[in-house]
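Please build the complex by placing chain H on the supplied structure of chain S, with the hints as guidance.
Residue numbers (our numbering), protein chains in the order written: chain S, 1 to 129; chain H, 1001 to 1304.
No lab work stands behind these hints, which were simulated from the structure alone.
Treat the numbers as computed from the prediction; the structure is a model and nothing was measured.
Think of the CB as a built atom: it goes at the ideal place given N, C-alpha and C, for glycine as much as any other residue.
Be aware that one or more of the hints could be misleading.
If you only want the chain H side, here are some residues facing chain S, beta carbon under 7 Å, derived [stated by the list, open to error]:
#1 A1044
#2 P1045
#3 Y1046
#4 E1049
#5 Y1147
#6 E1218
#7 E1222
#8 V1224
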Amino acid sequence: MAEHLQVELVAADRTVWSGRADMVIARTVEGDVGVLRGHAPMLALLTDAVVEITDDEGSVTVAVVDGGFLSVAGDRVSVLSERAVLSEEINVDEVRAELDTAQDVGNVDESERRIRRAEARLRAVERAS
Amino acid sequence: MAVSLREYRARIKSTESMKKITRAMELIAASRIIKAQQRAQAAAPYARELTRAVSAVATFSNVDHPLTHEQEDPKRAAVLVITSDRGLAGAYSSSVLKEAERLAEKLRGEGKEVDWYLTGRKGEAYFKFRQRPVVQAWTGFSDQPTYDVAAEIGTALIDSFLKEQGEEGDVDEVHVVYTRFRSMLTQEPTDIRMLPLEVVEGEESPGDDEVLPLYEFEPSAEAVLDGLLPQYVQSRIFFCLLQAAASELAARQKAMKSATDNADELIKKYKRIANQARQAGITQEISEIVGGVNALADSQAGSD
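Just chain S, with the same shape it has in the complex:
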């Protein structure tokens, strides 16, 4: 068995983070799940939420995904999402503005989705700081 997890956090147009890690925490549609090495193979749907990666030196990387998947197999963890952003790439002012505009969107579903995504981003920034 490998010493560490091999983690890849992949967005549709780029690899956001990749490397060795000790633990990955993500939120699936059924609740938070933490992955350590030796985890059983799993394929799970993620919600718009924070993903935390603790790398092999113990420092924590926080990212946000807009939905997507978590796939675990043989100590390889891939987090796939159309959009994935690292917490340090998030512009807080922009997200706050987005949160305000999202509340005024007429379509309820659309508005809710955008609010959820903006809130997830804010949470990620809080978590990282």
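What follows is chain H alone, placed relative to chain S:
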């Protein structure tokens, strides 16, 4: 004679400035190709992981998903044609369109009607000029497509695919015609059938020695598949768009290179003609002077 010499000089000048423009476009296309290839490479991990996940689900659950379901009696097919927004790329757009026409002919031969979906202004103009109906067209991104556009196109195609037969706008098959980027020198128009999905693809399925692990699905295999397949379709459309973008730039670079070469040749030709005209002018002047001197000498000799 002097007038035409001036004319030739003006022509040489205008050809030279044209050459500068085509040369610049060639260089721009060349530098953008590298970026386009990098984008294609950056998108590869996502596509790879997604394919792995899809084939994993397909292997361990009985796949019967609306997106993989073959209609027994297909009547309509949607064709998505990926063309460029701008011209000056040689035969790029016209060869894609030709391939699309060929595919449409084949589909009609199988008794299916064709609904057109387009990307790129060139394709839009082609259909508008022939006054043929287009269901939907997207423009303005052909040389640097984003994933959002691919997602939008994917959603539109999936929506019309999922409609019941007989419903307005329903299609039973979705095909995509795009230009595949083989190398800087060859790009070939290709058509693929996007929907219904054939999940396990020969080249991408895992090898014999690599056994797929027994996955746990959360919340359930069906739900995971529900989430996976649309993204899989979108990612494949994104892949097609990226390939088409790289091909367009390569075609443009090639076209602009031959335009530059051609301008070079024209300049050379015009210079020769201009020099000839100049030489002819000088010769005529000399012969006029000589003739004048001779006439003067003759008349002086006669008066002596």
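Evaluation of the provided hints:
1. Contact between A1044 (chain H) and chain S, as hinted, is not supported at the beta carbon level, the nearest pair being about 9 Å apart and thus beyond 7 Å.
2. This hint holds: P1045 (chain H) has a C-beta 5 Å from the nearest C-beta of chain S, less than the 7 Å allowed.
3. Given hint, Y1046 (chain H) at the interface with chain S, holds; its Cβ is 5 Å from that chain's nearest Cβ, closer than 7 Å.
4. The closest approach between the C-beta of E1049 (chain H) and any C-beta of chain S is roughly 5 Å, which is under the 7 Å cut-off, so the hint is satisfied.
5. Taken as an interface hint, Y1147 (chain H) checks out: its beta carbon lies about 4 Å from the nearest beta carbon of chain S, inside 7 Å.
6. The interface hint given for E1218 (chain H) holds, since its Cβ lies 4 Å from the closest Cβ of chain S, which is under the 7 Å cut-off.
7. For the restraint placing E1222 (chain H) at the interface with chain S, the shortest Cβ-Cβ distance is roughly 11 Å, beyond the 7 Å limit, so the hint is violated.
8. The criterion of a C-beta within 7 Å of any C-beta in chain S is met by V1224 (chain H), whose closest approach is roughly 5 Å, and the hint holds.
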